[in-house]
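**Q** Here is what each chain is made of, one letter per residue.
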Amino acid sequence: MSTRNACAVFAILFSANAAFAASAHPAPRLGTPMTAEDATKWDLSIFPDGRGLPPGKGVAKDGKVIFDTQCASCHGDGGRGATAEELVSIEPQSLKEEAASKAIGPYWPYATTVFDFIRRSMPAGAPGSLSADELYAVTAYLLAANKVIGDTDEMNAKSLPAVKMPNRDGFEWVGVKK
Amino acid sequence: MTTELTSDDLQPVAGGGLLHRRLFLKSGLVLATAGAAGHAAAEPPAKLSEDLASPSWMHAPGAPFTPYGKPSKHEARVMRSIGANKDLPTNGVSWTPLEELEGIITPSGLHFERHHNGVPEIDPAQHRLVIHGLVKQPLMFTVNSLLRYPMQSHLIFIECGGNSNAGWHEEPIQRPLGGFHGLVSCSEWTGVPLAILFDQAGIDPKATWVIAEGADGAVMNVSLPLKKLMDDAIVALYQNGERIRPENGYPLRLVIPGFEGVTNVKWLRRLQLTTEPVMARNETAKYTELLPSGKARQFTFEIEAKSLITSPSAGQKMFGPNIYEIKGLAWTGRGKVAKVEVSADGGQSWAEAALQEPVLSRCFTRFRMPWNWDGKPTVLKSRATDETGYVQPEREMLVKERGRNGYFHYNAILSWGIDEDGAISHVYA
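These protein sequence lines map, in sequence, to chains A and B. Mapping to numbering that gives the first Met the number 0: the first sequence position 6 is 5, numbers consecutive. Mapping to numbering that gives the first Met the number 0: the second sequence position 62 is 61, numbers consecutive.
In short, the hints are calculated from the structure, not lab data. Among the hints, a few may not be true.
Just some of the chain A residues that point at chain B, by a computed CB distance under 8 Å [unchecked claim]:
id, residue
1, L29
2, P47
3, G49
4, K101
5, S120
Straight-line distance between alpha carbons at most 30 Å, and here's what the computed BS3-like set of lysine-lysine pairs gives [to be verified]:
id, chain 1, residue 1, chain 2, residue 2
6, B, K226, A, K40
7, A, K157, B, K294
8, A, K176, B, K205
9, B, K316, B, K46
10, A, K146, B, K294
11, B, K399, B, K294
12, B, K205, A, K177
13, A, K176, B, K72
14, A, K56, B, K285
15, A, K95, B, K294
16, B, K294, A, K163
17, A, K40, A, K157
18, B, K316, B, K72
19, B, K285, A, K146
20, B, K46, A, K177
Yeah, the Cβ is synthetic: ideal placement off N, Cα and C, and Gly gets one too.
Could you put the whole structure together from the sequences, leaning on the hints where they help?
**A** Right under this line is the structure:
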């Protein structure tokens, strides 16, 4: 079945379901309508294609300063792991090895996820405190340290989603069809 | 009237002295000699200061009323055990002490926790749920407005995808059951069917995924198939009859029957309908299972059938040869538990345990099995089969299929070794 057909089938199922839900449970309508613009203020999603990335830019050199002062205390020197996860792994290795590293370089499928996760969750003591430029810089530092990008490559809303992570195609979906 | 055990009753139905589960149905049958192999028994007998026939509490007024009840001080040891990050104590887990509990409901204060950055203190008057993305009309809901919607309850287990991960270790971990398998709990969750809210926002037919996000200090987010959310997900406001505890998502939690814990987003603030997953850290770097092939399983939402014997269990002690009740819990994210088999001879022979009613879909099922232990060393196991026919695998099989670096979704058969002194330990057998 083509994706388009699958979507069409879903759409029918959904509307049938929704209709059932609505008729089985007459409900008040208490949601306040928002404009698409209002909703954007809430929207923190960053997709693999770069949708949601803010304007800004950064390079590894500046990212290293941020990392050393704000991240290394938990993630170790050079991101090699301490009380918090190892973020950097440069030893040549295969994910087939028994204790293969799942650090950013060998395991993560999308570079946008690095930026997104740091923006929403890190540094753990003050999540959301880094500026867009600082986020691009520290992301560049982690990608460069993992040898995924060059040491002087600039990360911005265009270049970051264009980074092809080594393990991009390493995932098989189990619970849902691609 | 009690019924005496006859020698017929004591005829084993499988090796190691397993008795027929129907023994439970014998009217008034007392398995009193069984006594739980628990903590209390391991302690020396208390010095008795009371006249047991006429204790002091029968001769004085008791304590006054309390606005909110607490467990007896004599049960103070029944607590969640906590495992947190040294430099970030807001990151970690607390385990439900499964070996201390009976029945199928986990008390709310003992429900397991997994926080990525602590429990936010949310003022419900200043919390909102936003539904946006591929909808005709983005909507914002207050908590009070959601309380006015029609509601539905799901009596279900929630299990962390990382539960039991010590099972992948080379050597069997020695901890009380809960401290190893206790990232699973069972509650009645009540709230608003998501289908109603999505319907009111008007789903764009192109939408197939939903990104759910929490309002905690990790702003935890995951992507979920819209179809499943339309089927049976709720925006829960209540847990076991009262408003959800802060550590379980107050004021709003997304509850998705049968799906791994991380998808049941706590402190829910935002639902975004889209055409694709957002590839969040907690569905790529984490909550994926790397296989020996070098490929990783992703979006392993459904919890597969699992069972464990809660008593006797590791760290407890047997009281010598006698009749015992082997009891435990079984569950599956795919529907109902169809049967649980128990072995008292290390898996050479199996007999079906009694499933206590109610047996509900995606809920804990309590199983029980009478057992006449002869005092000899042996190995106990339980094995669940769900209504789809899926059978809980032996550890060896699971490890062969998944390797040992997958970390998540460990559901192998659990084995308890009992030695000649009646000490119980976790074994791979």
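**Q** Work down the list of hints and note, for each, if the structure agrees.
**A** So, going through the hints one by one against the coordinates:
1. Because the smallest distance between the Cβ of L29 of chain A and any Cβ of chain B comes to about 4 Å, under 8 Å, the interface hint for this residue holds.
2. A least Cβ separation of about 5 Å between P47 of chain A and chain B falls short of the 8 Å threshold, and the interface hint therefore holds.
3. Given hint, G49 of chain A at the interface with chain B, is violated; its Cβ is 12 Å from that chain's nearest Cβ, farther than 8 Å.
4. With a cut of 8 Å, the hint placing K101 of chain A at the interface with chain B holds, because the nearest CB-to-CB distance is about 7 Å.
5. For S120 of chain A, the interface hint holds, since its Cβ comes within 8 Å of a Cβ in chain B; the closest pair sits about 4 Å apart.
6. Of the pairs offered as hints, the one joining K226 of chain B and K40 of chain A holds, with about 27 Å between alpha carbons and a cut-off of 30 Å not exceeded.
7. Restraint check: the Cα-Cα separation between K157 of chain A and K294 of chain B comes to about 28 Å, which is no more than 30 Å; the hinted pair holds.
8. In summary, the hint linking K176 of chain A to K205 of chain B is supported, as the alpha carbons are separated by about 15 Å, within the 30 Å threshold.
9. Taking the CA atoms of K316 of chain B and K46 of chain B, the gap is about 22 Å. The hint holds against a cut of 30 Å.
10. For the given pair, K146 of chain A sits about 21 Å from K294 of chain B by alpha-carbon distance, which is consistent with the 30 Å threshold.
11. At most 30 Å may separate the alpha-carbon atoms for a hinted pair to count; K399 of chain B and K294 of chain B meet this at roughly 15 Å.
12. Our distance criterion of 30 Å between C-alpha atoms is met by K205 of chain B and K177 of chain A, whose separation comes to about 15 Å.
13. With a C-alpha separation of about 52 Å, the suggested pair K176 of chain A and K72 of chain B falls outside the 30 Å cut-off, and the hint is violated.
14. Restraint check for K56 of chain A and K285 of chain B: satisfied, since their Cα atoms lie roughly 27 Å apart, inside the 30 Å limit.
15. At roughly 8 Å between alpha-carbon atoms, K95 of chain A and K294 of chain B fall within 30 Å of each other, so this suggested pair holds.
16. The hinted pair formed by K294 of chain B and K163 of chain A meets the criterion: a straight-line CA distance of about 17 Å does not exceed 30 Å.
17. Between K40 of chain A and K157 of chain A the CA atoms are separated by roughly 21 Å; this keeps the pair inside 30 Å, and the hint holds.
18. The straight-line distance between the Cα atoms of K316 of chain B and K72 of chain B is roughly 24 Å, inside the 30 Å bound, and the hint therefore holds.
19. Annotation: proposed proximity of K285 of chain B to K146 of chain A holds, straight-line Cα distance about 21 Å (limit 30 Å).
20. Restraint check for K46 of chain B and K177 of chain A: not satisfied, since their Cα atoms lie roughly 66 Å apart, outside the 30 Å limit.
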